[in-house]
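Chains as they are written, first to last, in the working numbering: chain A, 2 to 333; chain B, 2 to 333; chain C, 2 to 324; chain D, 2 to 324.
Hint data in this document are derived by calculation from the structure and do not stem from the laboratory.
Hints may contain errors.
Rough simulated footprint, nothing fancy, chain B against chain A, three-plus residues with beta-carbon under 8 angstroms [what the hints assert, rightly or not]: (1) 22-32; (2) 41-50; (3) 110-120; (4) 141-148; (5) 190-197.
All residues carry an ideal CB built from backbone N, CA and C; glycine is no exception.
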Amino acid sequence: MSTLEADAMREITYCDALREALREEMLRDDRVFLLGEDVGKHWHGAFKVSRGLAEEFGEERVRDTPISESAIVGAAIGAAITGMRPIAEIMFGDLSTLAMDQIANQAAKIRYMFGGQTAVPMVVRMPFGAGASVAAHHSQSLEAWFMHVPGLLVAVPSTPYDAKGLLKTAIRNDNPVMFFEHKLLYGMKGSVPEDEYLVPFGEADVKRSGKDVTIVATLFMVHKALAAAEALAKDGVSVEVIDPRTLTPLDTETIVNSVKKTGRVVIVTEGCRTAGVGAEVAAILAEEAIDYLDAPIKRVAEPDTPIPFSPVLENFVIPDEKKIIKAVKDVL
Amino acid sequence: MSTLEADAMREITYCDALREALREEMLRDDRVFLLGEDVGKHWHGAFKVSRGLAEEFGEERVRDTPISESAIVGAAIGAAITGMRPIAEIMFGDLSTLAMDQIANQAAKIRYMFGGQTAVPMVVRMPFGAGASVAAHHSQSLEAWFMHVPGLLVAVPSTPYDAKGLLKTAIRNDNPVMFFEHKLLYGMKGSVPEDEYLVPFGEADVKRSGKDVTIVATLFMVHKALAAAEALAKDGVSVEVIDPRTLTPLDTETIVNSVKKTGRVVIVTEGCRTAGVGAEVAAILAEEAIDYLDAPIKRVAEPDTPIPFSPVLENFVIPDEKKIIKAVKDVL
Amino acid sequence: METYPLLEKEKLKELYRKMLEIRRFEDTVFELFGKNLIPGTIHLYAGEEAVAVGVCANLRKDDYITSTHRGHGHCIAKGAQLKRIMAEIFGKKTGYCKGKGGSMHIADFSVGMLGATAVVGAGIPIATGAGLSIKLRGTDQAAACFFGDGASNQGTFHEGINLAATWSLPVIYVCENNLYAMGTSQSAVMRIKDVADRASSYGIPGVTVDGNDVLAVYNAANEAIKRARAGKGPTLLECKTYRRRGHSRFDPATYRPEEEAEAWLKRDPLPRFRTQLLETAALTLEEITRVEEAVSAAVEAAVQFAMESPYPTPEEALDDVYA
Amino acid sequence: METYPLLEKEKLKELYRKMLEIRRFEDTVFELFGKNLIPGTIHLYAGEEAVAVGVCANLRKDDYITSTHRGHGHCIAKGAQLKRIMAEIFGKKTGYCKGKGGSMHIADFSVGMLGATAVVGAGIPIATGAGLSIKLRGTDQAAACFFGDGASNQGTFHEGINLAATWSLPVIYVCENNLYAMGTSQSAVMRIKDVADRASSYGIPGVTVDGNDVLAVYNAANEAIKRARAGKGPTLLECKTYRRRGHSRFDPATYRPEEEAEAWLKRDPLPRFRTQLLETAALTLEEITRVEEAVSAAVEAAVQFAMESPYPTPEEALDDVYA
Ligand SMILES: Cc1ncc(C[n+]2csc(CCOP(=O)(O)OP(=O)(O)O)c2C)c(N)n1
Ligand SMILES: Cc1ncc(C[n+]2csc(CCOP(=O)(O)OP(=O)(O)O)c2C)c(N)n1
Ligand SMILES: [Mg+2]
Ligand SMILES: [Mg+2]
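Bound conformation, chain A alone:
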């Protein structure tokens, strides 16, 4: 079931949805615990995702750490390979750079290097994305890096529904999952069922059906793509919006089939353009669907600059409805 069909349900925020996932899984499985900077009772995480959890589960299971990103991820790994199921929070995704060895060389490779003797069931939650005027060190989108690391899974929820369902799946998964949250989505409301559900990895969600152009979009860009699609519909252009929901595994089939149907594709992601997520999607299509493409592939992404502070500048670099509409018109 897609988020957009779920109109009848209660509406909660992305932030609340994530918290529900954490809480339910902590109730369900004693091995699940949280660690990170200020995730506990004094702050509840920079975006308040863990509000109430330290109070409910105690400080043993909701652990404030020193500002030590390498040790946070390393400790999660050590716990994961000895029977626990840690969920580490890195306060801003940009700071994953400080833990890249632990993420990319240790968590991702331990199972393989050791011939399958162990697994590393852990989740690293990280807020990413631009748009909050917090400049170059707090605004990046680095999904592409993690897609380039075999052994990691990468989840990119765009709605409260997906956020909850994917996070629960991530926690139950036996591999290290890089879980990307977009900082502008935390406050966004959406329908989320009361009953338990999971969103499987590797299943894209068609957030809007259409027949003229396919847009592949992730995270906050899904909403901008939907707005663009709505506007384009008024001009008689029928846009299909596909949200991969996980980048590893990537539901290539749904994307390729959509493009086979529409013959045209625009890929909309944050993160700078070069060697970003859009490059991989474009490459797959160039390999698998080139005969169906009636126009060049278009990528809409951030230009190759750091994210600037001033809203005037920042708005210029973040993809928006207008840029998406222009790209769609370019491929029509």
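Starting from the known structure of chain A, fit chains B, C and D with the ligands onto it as the hints suggest.
Chains B, C and D with the ligands only, in chain A's frame:
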């Protein structure tokens, strides 16, 4: 002038060519100095690139460091923004993960964040690549990550000629340059002029001209591509081999023009396939040359696994002549 | 009251003026932020003025500093212009970084302020590098590196200071220990009381001072910088201090026990130094008042400058990526 | 000779046997490597046997260790099988990691050997995590984390140990100080003599022992592990030792001053312990000889097993990426 035309010159190894570049630039400019683990007189770098330099320039300018990758890069940055031109060596490129914050958040962004007040003229030299049976932590190729970071330049020399010319250019460049050396190339000999020369950034080298298929290849893969081209020539297939030499800036024009001519392209790189260098090249072609493509784009890369230790396994994952030939035949 | 080396009157006045500039500047930023005139987030230096001012008063213009997310005070203390700092915080084109950096990323290379990083601890090895550069160029400059108690748990602290110690670089590492990293108290994330004790891991001196006493800071920094310039290597200088407000934006800082906060806030470095100046007759009330008036005017002028300055044009976002 | 708690005869024999197993194993690997039978590179533990054996003799099978690029000795000391270690080093399918890991990445989860990392210092926070897991699960297990003097300059050392100290985790951090990191002597990269002194940065005990004296190591580790199991938190245990050969492969280690090398090589932990056993009449010559014969046979059997084992099939490279 391309390496391959330089037959009349003296032959030296890639390692010696790099050393000559370091030495010449250190002689030329007092501000240039080296730092890194065991780059000095006791070891001369893991691959002996700095042999003789500590002896010639002294330990002040060829500095052994503790095993502290973050501090090595951070110190290089601090020196660069206060008037020096440091060359940092990270003993194995896989360990750049330990310095990713300093590289991607500091070196790359300092100029931009500070509104152009300063520049960060430094080089980070790193050996990358598989094939030496040194397993998952000493065999990666992570070029794609650095391409995805605006503010960095990325050089990928495949021959002694290019190695020397690009390194000299890198040292004189005012931006942070990530300089990738392939560990299997150090011992490879090639023609290098006695006279000073530079290889400009952003100019691909056509390592072999052809008309039926374009191969874009980097680093060690250039040589495998050339061998494949040679073999294919015997079957009457004319292959053009393009070596971008720098990935940032990328000479899109030469690649696109070649593909416009041949209509077919195979991209051959190390590094795992997903979201790798090949993805960006494919995406550019899907955007700019789709109407000229007579066949799907093909990427030949490492599969999405860490690099295994046992030679049997490692040979299976590294792209080789056979896989390249197969890919070329697939697009014919 | 301890005794300190006698400072000239002009120097004392300068210390007071700088501290006050920071205080007024920060109070103004807080207000303007509340009025939605400042985008993003802010981390104010109010309460910690004695640290930056006490340290930087020992530095020459050609000496260096590196700074943090809580950096306005460092900029002011090192001699950057209030108006261009304020303009940057507003995201204006006339700001030090043309609006690209904002509150967390101000730099003024013309006064040796090498910039603020918003990655906690990331400035530490960079300061080490500035020290290395000084050593290689053979000048008698020095560098001061500011960071928090929280930052002292980062790997970069360990690597950066060890490297400077190994090479005897002219850097002083100034830990602004305000007892908290966001909502996390120091005691929850390390088993030691004084961060300065970590100096022994690197074989360098570690000194802890009252960071709310500008003369104590001045004095300790003076020693450390003398050592640095003399080629004797780095010092770890810990200054115990306290934020007057929350960590950022609207953080009410309820995690700080009331008695603790009360006790610390009473030790506000500004009135304390003011009283001291008057009691020791170093400055007259009139002189002090004149400083206060001048500072108010300067901060007001800075706000006006920032308000009236243009925003950058959107396309400028594409500039300054490469040299 | 110092006095140590009286160990049972069987325990003493076990210590000697394990040390000898490591020595013979490593000497054999060296030879085989020279004959091009082993791919890649090797970092031998010969000379440092007393450390791994002295520490691991205090550990139960369900306790954990983490290891390094110089890890064969750790594996053997923790109870992994010689033949499967050797097979891994050969890149064979019967190796612990099915040939995927090789010399630098051996693990045997069945005996609590959580694996070797080739990234210097990367195992330190992972050991912290194993300690955290023990604490959360409420068992009385302990974890030992091996790393070198060079590794103690990595940020992970600082972050990983500080975290364990903060949470009082049952981990002992064993610094195998062999005075060099590749060609770099300790004195060239830190200003302190004893790495154990860094413990004070974390408010935990730091102990330095003669790492070539297996009973000294045993004893110090015993204390530390008792503390750990009792919930009193981590210890930093530094064992001074020396490699018998170069860092890796064909490194002739000419950077080590001759007198230094000579003095240290004379203090070889193996003959030293053997003499001690005989002099104190703990074991008879005959008993010792029997151990020596058994070890030789075991190492030979390991080589034979490795030689006769099949390589993995190429396609197996694609397995084990995800669980
Ligand atoms: C490496 C890193 N981790 C986390 C953060 C988020 N963060 C910003 S400020 C801060 C607290 C810093 O504490 P401290 O170093 O004591 O400085 P203070 O804010 O108290 O001046 C944190 C955790 C960050 N910016 N960088
Ligand atoms: C993070 C990192 N930096 C550099 C290297 C290259 N390297 C491998 S072993 C080694 C020396 C390690 O020294 P030490 O920690 O003292 O251990 P030892 O080899 O002496 O046992 C170095 C620099 C590495 N593997 N990892
Ligand atoms: Mg603080
Ligand atoms: Mg060592």
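Against the structure shown, which of the earlier numbered hints fail to hold, in ascending order?
1, 2, 5
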